[in-house]
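**Student:** Residue numbers (the numbering used here), protein chains in the order written: chain A, 1 to 346; chain B, 1 to 346; chain C, 1 to 346; chain D, 1 to 346.
Rather than coming from a laboratory, the hints here were simulated on the basis of the structure. Using N, Cα and C, we set each Cβ at its ideal position, and we do this for glycine too. Hints are not guaranteed to be accurate.
Chain C is faced by these chain A residues, among others (derived, beta-carbon under 8 Å) [stated by the list, open to error]:
hint, residue
1, Gly-51
2, Tyr-52
3, Asn-54
4, Arg-56
5, Glu-132
6, Phe-133
7, Val-180
8, Ser-181
9, Arg-185
10, Ala-187
11, Ile-189
12, Leu-192
13, Val-196
14, Ser-197
15, Val-238
Simulated DEER-style distance windows between Cβ atoms [claimed, not checked]:
hint, chain 1, residue 1, chain 2, residue 2, range
16, A, Asn-78, C, Glu-115, 35 to 41 Å
17, C, Gly-302, B, Gln-186, 35 to 41 Å
18, D, Gly-204, B, Leu-40, 18 to 24 Å
19, B, Ala-86, A, Arg-303, 38 to 44 Å
4 protein chains.
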Amino acid sequence: MIKVGIVGGTGYTGVELLRMLVNHPEAEVVVITSRAEAGLRVDALYPSLRGYLNIRFSPPDVDVLARCDVVFFATPHNVAMNMMPALLDLDTRVIDLSADFRIRDPQLWSQWYGEPHACPQLLSEAVYGLPEFNRQAIAEAQLVACPGCYPTSVQLGYLPVIENQLVDSQRLIANAASGVSGAGRQAKIDNLYAEVSDSFKAYGIPGHRHLPEIEQGLGDIGGEPVNLTFTPHLVPMVRGMHSTLYAELVDTAISLEELQNLYEERYADEPFVDVLPPGSHPQTRTVKGANTCRLAIHRPQGRDTIVILSVIDNLVKGASGQAIQNMNIMLGLDERAGLNTLALLP
Amino acid sequence: MIKVGIVGGTGYTGVELLRMLVNHPEAEVVVITSRAEAGLRVDALYPSLRGYLNIRFSPPDVDVLARCDVVFFATPHNVAMNMMPALLDLDTRVIDLSADFRIRDPQLWSQWYGEPHACPQLLSEAVYGLPEFNRQAIAEAQLVACPGCYPTSVQLGYLPVIENQLVDSQRLIANAASGVSGAGRQAKIDNLYAEVSDSFKAYGIPGHRHLPEIEQGLGDIGGEPVNLTFTPHLVPMVRGMHSTLYAELVDTAISLEELQNLYEERYADEPFVDVLPPGSHPQTRTVKGANTCRLAIHRPQGRDTIVILSVIDNLVKGASGQAIQNMNIMLGLDERAGLNTLALLP
Amino acid sequence: MIKVGIVGGTGYTGVELLRMLVNHPEAEVVVITSRAEAGLRVDALYPSLRGYLNIRFSPPDVDVLARCDVVFFATPHNVAMNMMPALLDLDTRVIDLSADFRIRDPQLWSQWYGEPHACPQLLSEAVYGLPEFNRQAIAEAQLVACPGCYPTSVQLGYLPVIENQLVDSQRLIANAASGVSGAGRQAKIDNLYAEVSDSFKAYGIPGHRHLPEIEQGLGDIGGEPVNLTFTPHLVPMVRGMHSTLYAELVDTAISLEELQNLYEERYADEPFVDVLPPGSHPQTRTVKGANTCRLAIHRPQGRDTIVILSVIDNLVKGASGQAIQNMNIMLGLDERAGLNTLALLP
Amino acid sequence: MIKVGIVGGTGYTGVELLRMLVNHPEAEVVVITSRAEAGLRVDALYPSLRGYLNIRFSPPDVDVLARCDVVFFATPHNVAMNMMPALLDLDTRVIDLSADFRIRDPQLWSQWYGEPHACPQLLSEAVYGLPEFNRQAIAEAQLVACPGCYPTSVQLGYLPVIENQLVDSQRLIANAASGVSGAGRQAKIDNLYAEVSDSFKAYGIPGHRHLPEIEQGLGDIGGEPVNLTFTPHLVPMVRGMHSTLYAELVDTAISLEELQNLYEERYADEPFVDVLPPGSHPQTRTVKGANTCRLAIHRPQGRDTIVILSVIDNLVKGASGQAIQNMNIMLGLDERAGLNTLALLP
């Protein structure tokens, strides 16, 4: 069995890793760290794990972690980049779910995260963990930076048309909406039930940290810089992310059928991307708990602006599920291992 | 007291009219019709009205309705247009909350509603009931066609920049999201709690009936045809509507401060439009139950695409509240009468 | 106009007082205190108040408060009892929404609140503000202790049968359920949307602070000590409280019709208690935002255990609305003044 | 592989069977019937199944079903009892999720279901499928009647104290609350999102069909008739069932610790019943999607009434999961097979 360590196991991406890894046929979680909860049984914090996991939180310790075959960071930004040099020196393979290694340019990273990058020398070594674009590099990586939830949803939606330069890359608009679990398990008034329920709002319109990540990713995909207006919204639901993507066709002669075929072909061999039949409107609940991205493509009124709909579970394909998918690729396992859970619907 | 009749009082816009009219200082509901529930006490269907309304549903009857000073239609489309000639002949003043008289072109109406218009001769007589644009005409109208919920939200958001030709009218994108009450009180599987809750989806992307209404309205406001991509979404909440509006600046020299000032000045005297301070993100819950539209204007990253955020309660400013506002204008009452209820928050 | 002061205006009961008082025909809020937010416009914290309230939070100051005709405490316990002697010395009339003066026995209070009572000498002076039982004393009180939300809901439900000794007072069971706003506007992980949504739980089963308050109140009503099993639960909704009350009939010859009549007669003149028709199941949404308690009485299968259902809005009849009702009684105003808002349904 | 047929695959218990069976290591779904949807791909109705199930709905046909090793009925009552004689004649083993064979007394069944029982001769042959009480009989049964959701939750909670005659069996009170999926996938106004959301209510207080089933079951467990007051409630959540069970101790000398030990011992070998540590309050979300019942036992204030808390997922341990558990027992498979999915939390 592959020995897995998790740094920062008390948050929602931590418990999601556990939910899936306890049923993974070839992996076993041997270390979960938490400074705050060290000594506590994990299933005392998360009773959903009772009967499946007989382990306690321990304080983070590089030497202990380095004995694992692979270590996940399920931490806020600014943790992984401080432990990374020591871990990589000990030849540990690392999958970082945080933002620390997603942006290659340390200046750009600093500008958005408000502090210097602690480990700029490793930025070029990190592989951006979007398997549908980077599978080969992931397989060989020692350090994988898992994409953010919005970036996953937006990039998978735009990928086929950007890759083929079919739309005006200077006029992209991504209107995205997330469930509240995306804000993490932190005691903030803004995320209280009584503040969020039965309401809807945009947030971060002047600038969200996922904007530079998405622009970098779409730039890599299309081979040219892109200009994106990105507007996140908060939905009164726990899980789920929905992106409504707008783009102007460069060549308006292309038909909706051709676009549909392009998407189906591009993703035909992808185990976790599902292109829905023409005319579909994916619901986030159809991927709740599953590592799937479902897509639909539209051309309203036959006009020049196409609309792509993309849904994921922000905690699964948008975080912990994709991290396990990356682990499977890195370790040469079946890419689907541990990820066969269907969406919980209704 | 002004005598009020309501046709179709069993739906959500009907009960909303009642909720506000029972506390209106100068109006009294004397007739509420419903074929299906004729004879039933209204407060047996809606216990929230117990103690406030001592009246029963009656079958619709033009002569009875004509004795009212004003009649509201809170019906699905295709009802008002069939009763309208008889009612107008009897000099009744009518406020239609349905879609029957919102679109001036009968061909366009037929194309979107899938049947011939029953009463095209009255289309030119109907006044579009958006007080912030049409107040004077409403005051003199015999027949007011209340705007749809999405059209209200979208038009109030775009109005100042369209009116002043500050944006490219051929590249408008309105990404809107509605609570489930917008679907009405109809027994449909798609609107069950277990189908809608904890999920998010787009719908009607190929074409929604509010698109031609919005394009007509924005065309009137700007004096030139507009091209809009309109994408509605369903939010797991009962009430509330949020529009995220995108537009490209024609003159990029205009500053965000100038735009903010433009909005504040345009709506300074409007009792039911509230322009939020710079940098705001309006939440739908801040207008829950209130006849208010709250707006915020952004220019993300200082780029050329501006983003306007507009929230209303779909059942109030998006339907019944705006209808009462129209009634107040038509009858020369204080425009705020009966509409002083604050949002229920939390 | 009556001058009103509010101590602790940042919580949910504070903003509820404001929502109703800004439309009160004879009262005006002139002071709202908050140490943490002193200087901030109230409508910056609660945008729902924009346009209705032109006032800022100020630090608490007894002399300023004493200039008000009436002062509300919308604070956690342990605030009012410290300021009370000074305020009462200045002849201010006070309505305390907190728990400080609800329990007459200081030992019992200390046992449940975990600290000595700061002001035991005033406990006997405080009038328990349940108008349906204590109206006359409230009218003459200088200090009114508003009942808790659960105690209001449970006492109004049991009142007629306890008052008439119709049930076994040693075998009462109150199974109650509250919306999340009852936990207040505090940054706690347990109250996050992602923790509460789409789930249901009991809490406080070994002992909830409202138990001694309810037992004291029912003892006063029935004239003998009672024994109550009280089990609160948390419902994934913002507002609303539902109590399912069980009692064994002492005389099983009494019919359900007689019980129904008893309830209807007992509450016939009460403006804010509504006894539903036989066979009803009140929904909390029928009182959302309204100062109403709706009741239904059942005798399942004709057996000896009766079941009473009681719903209120925990923030209105369970807190701020009842406080205003008490103010109206104390000041000789129409008891309904400012409280005519209907429930927001749907 | 075991060949599985499902009659009535369009409802929520149908899709739940599919969600779990597609990952069952030893079973394969070969037939799913639906008159209304015959010919439609199953994953067109339930997109969550895309990629996992390549099958279409077919009209119900006894001969086709009889070729399966086991047939599930996921139908409303009154379907299974009409097809059962033919199926049993063909030696098919049947697991009925409906109410048709849960009550042994045909008169009692008729009284509650409002029609004669179509197949009374088979009632005595049906085995009540509560594995924790009936495992051996289930293993040998040809026809298993799966318990209702409320009966599962209530019986598992009461079982140890009833089995040991520790409480007054004539004074049981079960206050239960269910998520909305319990009402099924039927187009009813009462179950619309806008009717159910942000509200709470009791229903069926005069008498719910699960009452006689629970009383029969508890009577079997304790060996004497019981008298139960059973009050179901509707919670605004999709899945989850919470029962708060009250009972009076016969011998008040028994300690809470002894009761805790009793529960832990009784369920020590049960794979799907989890007795929580003392003082716990189980949340329904800790079993969301899982075939687990979690229990806690309390004795508030050391008085004579004990309170047992019991949570299940109404669609899993309350329906489809328990049905698969029964299948595993009947066919001699690992009782956990296909049921290893953890709760989805958050």
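**Student:** Confirm or reject each hint.
**Tutor:** To see whether the hints hold, each was checked on the structure:
no. : hint                              : in the structure
1   : Gly-51                            : violated, 19 Å
2   : Tyr-52                            : violated, 19 Å
3   : Asn-54                            : violated, 24 Å
4   : Arg-56                            : violated, 20 Å
5   : Glu-132                           : violated, 28 Å
6   : Phe-133                           : violated, 30 Å
7   : Val-180                           : holds, 4 Å
8   : Ser-181                           : holds, 4 Å
9   : Arg-185                           : holds, 6 Å
10  : Ala-187                           : holds, 4 Å
11  : Ile-189                           : holds, 5 Å
12  : Leu-192                           : holds, 5 Å
13  : Val-196                           : holds, 4 Å
14  : Ser-197                           : holds, 5 Å
15  : Val-238                           : holds, 5 Å
16  : A/Asn-78 x C/Glu-115: 35 to 41 Å  : holds, 40 Å
17  : C/Gly-302 x B/Gln-186: 35 to 41 Å : holds, 38 Å
18  : D/Gly-204 x B/Leu-40: 18 to 24 Å  : holds, 23 Å
19  : B/Ala-86 x A/Arg-303: 38 to 44 Å  : holds, 41 Å
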